[in-house]
Each structure stands twice: as C-alpha cells, then as structure tokens.
Amino acid sequence: MGNHSGMTQTGQTQESLADVARRISARRGMRWHRRPLSPGVRILLWSLRLYVFLMLAVVAIQVTRLIR
Amino acid sequence: MDFPEAVTPAAASPEAVTHEDLDRARDRLAFDQARHDGRSLGARLLWLLLGPGILAFLGENDAPSMLSYAATGAQFGIGFFLPFVAFTFLLGFIVQEMAARIGAATGQGHAALIFARFGRFWGGFAMLDLMAGNFLTLVTEFIGIRAGLGFFGVPPWAAVAGSILVIGFAISTSRYRRWERITMALALGNALFVPAALLAHPDLPAIGHAFATWAPLPGGFRPGTITLMIADIGATVTPWMLFFQQGAVVDKGLTPRELSGARADTMIGAILAAAFGIAAIIATAPLFAHGISTANFQAAQFAEALKPYIGHLGASLFAIGIFEAGLVAAITISTSSAYAFGEVTGSTHGLNSSITDGWRFYLVLLGGACAAGGLTLIPGAPLEEIVILVNVVATLAMPPALLFLIVLANDPEVMGEYRNGFWWNAAAIGVTAFMIASGLAYAVTVLFPHAF
Chain A
1 MGNHSGMTQT GQTQESLADV ARRISARRGM RWHRRPLSPG VRILLWSLRL YVFLMLAVVA
61 IQVTRLIR
Chain B
1001 MDFPEAVTPA AASPEAVTHE DLDRARDRLA FDQARHDGRS LGARLLWLLL GPGILAFLGE
1061 NDAPSMLSYA ATGAQFGIGF FLPFVAFTFL LGFIVQEMAA RIGAATGQGH AALIFARFGR
1121 FWGGFAMLDL MAGNFLTLVT EFIGIRAGLG FFGVPPWAAV AGSILVIGFA ISTSRYRRWE
1181 RITMALALGN ALFVPAALLA HPDLPAIGHA FATWAPLPGG FRPGTITLMI ADIGATVTPW
1241 MLFFQQGAVV DKGLTPRELS GARADTMIGA ILAAAFGIAA IIATAPLFAH GISTANFQAA
1301 QFAEALKPYI GHLGASLFAI GIFEAGLVAA ITISTSSAYA FGEVTGSTHG LNSSITDGWR
1361 FYLVLLGGAC AAGGLTLIPG APLEEIVILV NVVATLAMPP ALLFLIVLAN DPEVMGEYRN
1421 GFWWNAAAIG VTAFMIASGL AYAVTVLFPH AF
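One line per chain: the protein sequences are A and B, in this order.
Going by the working numbering, the final residue of the first sequence carries number 68, and the count climbs one at a time with no gaps.
Going by the working numbering, the final residue of the second sequence carries number 1452, and the count climbs one at a time with no gaps.
None of these hints come from the bench; they were simulated from the model.
Keep in mind that this is a model prediction, so the values were computed, not measured.
Don't take every hint at face value.
To be verified - Heads up, incomplete: computed chain A residues facing chain B, CB under 7 Å, no partners named:
no.	residue
1	Val20
2	Ala21
3	Ser25
4	Ile43
5	Leu44
6	Trp46
7	Leu48
8	Val58
9	Ile61
10	Gln62
What the hints assert, rightly or not - Some chain B residues judged to face chain A by a derived CB distance under 10 Å, without partners named:
no.	residue
11	Val1017
12	Leu1022
13	Arg1028
14	Thr1106
15	Ala1116
16	Arg1117
17	Trp1122
18	Met1127
19	Asp1129
20	Val1407
21	Val1446
Where a beta carbon is used, it is the ideal one built from N, C-alpha and C, also for glycine.
Could you build the full structure based on these sequences and the hints that come with them?
What follows is the structure, encoded as structure tokens:
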C-alpha cells in the first residue's frame, strides 16, 4: 500500500484508503458453494428452459413467414 | 469506514489489494465524505450514487426499443400504449432493484453468483442466453447508429467506425467513474425525443385520457398488437440489464449502506426512460393521425416521414436520438457481456482495471462491438430480420433469467437480511407470470393467426 502514497493527501486518509481497499479486496474474494437445488426449483428451471426452446421455434416460424 | 457485510461467504480466499480495489476505495471514501457533509442535504451523495440504474434503463432505451416505440405511435397513436409503456417500466424497476440489491449485498456479479450457486450446467444456459441475446442486440444498435447518422448523409462505415472509437475512448480511462460519467452524458441524449414530441403539438387532453382509461386501442388485440406489446416489454425488461446493473453496482463499490441511493438511481432511471419512450410514441403519433403506413420502417424512414409534421428540426432530433440510443446501448451491452465473461472465467474484470491487467475484459468489450458493427457492413446481411427478432427474443428469454434472479434474491446464505420480503416476491413472481403469459399469447397469435 505504501506504493500508493502519492494518491492521498494525509496519513489518516492513507490509512483509511488502505483499510477500505482491503475490505473491498476481501469482498471480491468471497466464494460461495453450490446450493442444493430443490425438486421444485429443478422442475421450474427445466420447464422454463423448455419454454425458451418452444418460443424460439415460434419466433423461427414467424420470421420464416415474414421473409416469404 | 465500515460497511455492513450482508453475508457470511462459504469461503473467502485471501486476495491481494489491486489497482481496482484502490479506485473503488477512493469512490467509497467520496461517498463517506458526502454522507457526512450536511450542507447539500444528501444531494451530493445522490449525485455520486447515480449511474448503474440510469445507465441500465437509458441503455435499454436503445435503437430497436425506440423504433418499437416509434412503430407503436405510428400504428396506434395516443392511447392504450402510453400507460402500457409506463407499466412496463414499473416491471423493470421491480426486477432491476433486485439486481442492484444483490450486487450491493454480495459484491459479486450476476454471472459469478449464478455459476457459484447453480453450477456450470445452469450457468452455461444463462450465459448462452445472455451472449446470444447481447450479440443480436448489439447488431441492432449498429443498425440504429447507421440509420440515425445516415439521415445526415454519414456513410455506414464512418458511422460504425466513429462509434467504436467513442466506445474505445470511454473505456480508455480505465476508471469506472469516468466511464460512467461519459456514458451518462451521452445517455442524456435520449431526452431529444422530448422536444421531438413537443414539435408534434401533442393533444394534452388525449394524453390525459389515455393514462386515465388505457384507451383507445384501435383494432383491439390483433396479432400485430400483441407482437408490438411483446416488443415494448422487451424494450424495458431484458437479461443484459440484470448482468449490467449488478456488475456496475459492484464495479462502483456499492454496499448495503448505499442501498437507498441505488434504489433511487434505479427509480430515476426507470422514470427518465419511461418519459423518453413515451415521448417517442407521441412524436410519431402524427403518422397514425394521417394514416401513413409505417410497416418495415427503419430509423431514417421514420425521420423522413415525420418531416411534414414535426419539421426538419424535429426529424433531425429523432434521427440523432436513434443514433444516441444505439451508441449508449452499444457501450452498456458490450460492458454487460464483458462483465459476465470476466466473472465466469475468473479473469480481471471491471472498468477500474488497467488495460494490461484487464485486457481480456476490454477485448471482449471492444471485440464484441467490432464484430457486431462489422456485421452490419456486410452486404446482404439479414439486418431487418435481426431487428424484428431482437426485442421479441429478449422478452422470451427473460423468464429463466428472472427465476435465477428471484432464487438468488431469496437465498439467505447469499443475501442475509437483504433477501426479498413477501411483497417484493409477490411482485417479482407477478412480473415473471406476466412475461410468460405474454410469450404464450404471442405464440398463440403466431400458431393460430385466424383465431383473432
């Protein structure tokens, strides 16, 4: 942090800046484990995936009609 | 300086303090200073906090969206669609507030959290939806840029190249705050639709009547009306906005302490974007009043057709507005792709990172824009089909993105005390149900056109 002394005006600010930067760095480094998906969430995820595929087929039909 | 931690992460790896962290720390110190400065009654703090929400909403008032609004005004005039568009922005606010809250509570981007909590399989689908949608949308932004500047005789190659230079200039500062202010200044160009609307001499009692009664809707709910409704919803609520706003909240260094400011930013963005979108409808309403067919109109054709009714000045403002809408969206959408790419690959990502550290982030950002802009210069490329597709596809891809968002916003481990409450869940589930129902209604009109 001492390398960044030119960016601050007072020793107090320097300390605060370093402290805040460390907190931000720690927050950036947070990692979460994978959550277990309940059967309900799994069904919803698959249903909406199917919905997207079907809707894309519908869009393809409409575009084909428009091009013709 | 102490900011609340919303979560207890499952694991925290020791990270070295980087150039990015120092820049974010400086921004946080500026928030803190403004918070303790009682002279401006919070105005200075709000000014510093504005950005991600305004850019998400004004970025989504992009070229295809403004063309959807223009087509709406030209086909239906002043009536049902004015309150309907305002309603879609209410839906947008409900959704974007959750993205901002998750970003502030966790300090993590949307793609990173989806991959972490749902795994690679579902994360891969989310990324596929995002990247495909973003690339198609980026192409339409450059079509808008070409068309808007084409009104003034600027050749397509110059319009595309000039816009890519502007995007390059905005990111060359390697500082989120400067990028944000440059892009916000450009985004205010969206307000040009307001004087264009005023030049159309709007019938104020008719506007008041439309908002009070949600009428008239000439022709009723025909297939074309439902397609336009879907396009107008897609002009307000799309997956890239979630990834962008959450990433920008993180890049700006916001924490739960700034939640009320982040909400105000999102609300102001929604109100401004709704006002400018409605202005575009009002500006093109004279075309409806004079029975001019606007089927398959592009930006320059709208501007030309409007000349007799709002004058050369009004038409020029409309054309510049389309150009500006395309340019700002090209910047924000490229950024959302780059955030997601960086979060998933674990490479340095963020507009505070130096070009050397974040070269992959900047390469995706600028490379995507160059590829999309370049595609619009290929003779015979199916540009009109892409424009037709893009807002509809955005609407149809939204329900899965909303499911990820709602599950994350309810995840106690990730959100802690900032997770959704009952009413916000009811609103979010209502938005998702509305989006699914709109998609199904669209499918019925396509598969059974004679039923209407």
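Verification of the supplied hints:
Among the interface hints, the one on Val20/A holds; its C-beta lies about 4 Å from the nearest C-beta in chain B, closer than the 7 Å criterion. Annotation: interface hint on Ala21/A holds; nearest CB of chain B at approximately 4 Å, less than 7 Å. The restraint placing Ser25/A at the interface with chain B holds, with a minimum CB-CB distance near 5 Å, inside the 7 Å limit. Contact between Ile43/A and chain B, as hinted, is not supported at the beta carbon level, the nearest pair being about 11 Å apart and thus beyond 7 Å.
Nearest Cβ of chain B to the Cβ of Leu44/A: about 6 Å, under the 7 Å cut. The hint holds. With its C-beta approaching chain B no nearer than about 10 Å, Trp46/A sits outside the 7 Å limit, and its interface hint is violated. Proximity of Leu48/A to chain B holds as hinted, the smallest CB-CB distance being about 4 Å (cut-off 7 Å). Hint on Val58/A holds. Least Cβ distance to chain B is approximately 5 Å, under the 7 Å limit.
Satisfaction of the interface hint for Ile61/A is found here, the shortest Cβ-Cβ separation to chain B being roughly 6 Å, below the 7 Å cut-off. About 5 Å separates the beta-carbon of Gln62/A from the nearest beta-carbon of chain B, less than 7 Å, and the hint is met. Below 10 Å, beta-carbon pairs count as interface contacts, and Val1017/B has one with chain A at about 5 Å; its hint therefore holds. Proximity of Leu1022/B to chain A holds as hinted, the smallest CB-CB distance being about 5 Å (cut-off 10 Å).
Restraint check, Arg1028/B versus chain A: the minimum CB separation of about 5 Å is within 10 Å; hint holds. Against a cut-off of 10 Å between C-beta atoms, the interface hint on Thr1106/B holds, since the closest Cβ of chain A lies about 7 Å away. For the restraint placing Ala1116/B at the interface with chain A, the shortest Cβ-Cβ distance is roughly 4 Å, inside the 10 Å limit, so the hint holds. Against a cut-off of 10 Å between C-beta atoms, the interface hint on Arg1117/B holds, since the closest Cβ of chain A lies about 5 Å away.
The closest approach between the C-beta of Trp1122/B and any C-beta of chain A is roughly 6 Å, which is under the 10 Å cut-off, so the hint is satisfied. At a threshold of 10 Å, the smallest CB-CB gap from Met1127/B to chain A is about 14 Å, leaving the interface hint violated. With a least beta-carbon distance of about 7 Å to chain A, the hint placing Asp1129/B at the interface is held under the 10 Å criterion. The beta carbon of Val1407/B comes within 6 Å of a beta carbon in chain A, closer than 10 Å, and the hint placing it at the interface holds.
Taking 10 Å as the C-beta cut-off, the interface hint given for Val1446/B holds, the closest approach to chain A being about 5 Å.
Violated hints, in rising order: 4, 6, 18; the structure is consistent with all others.
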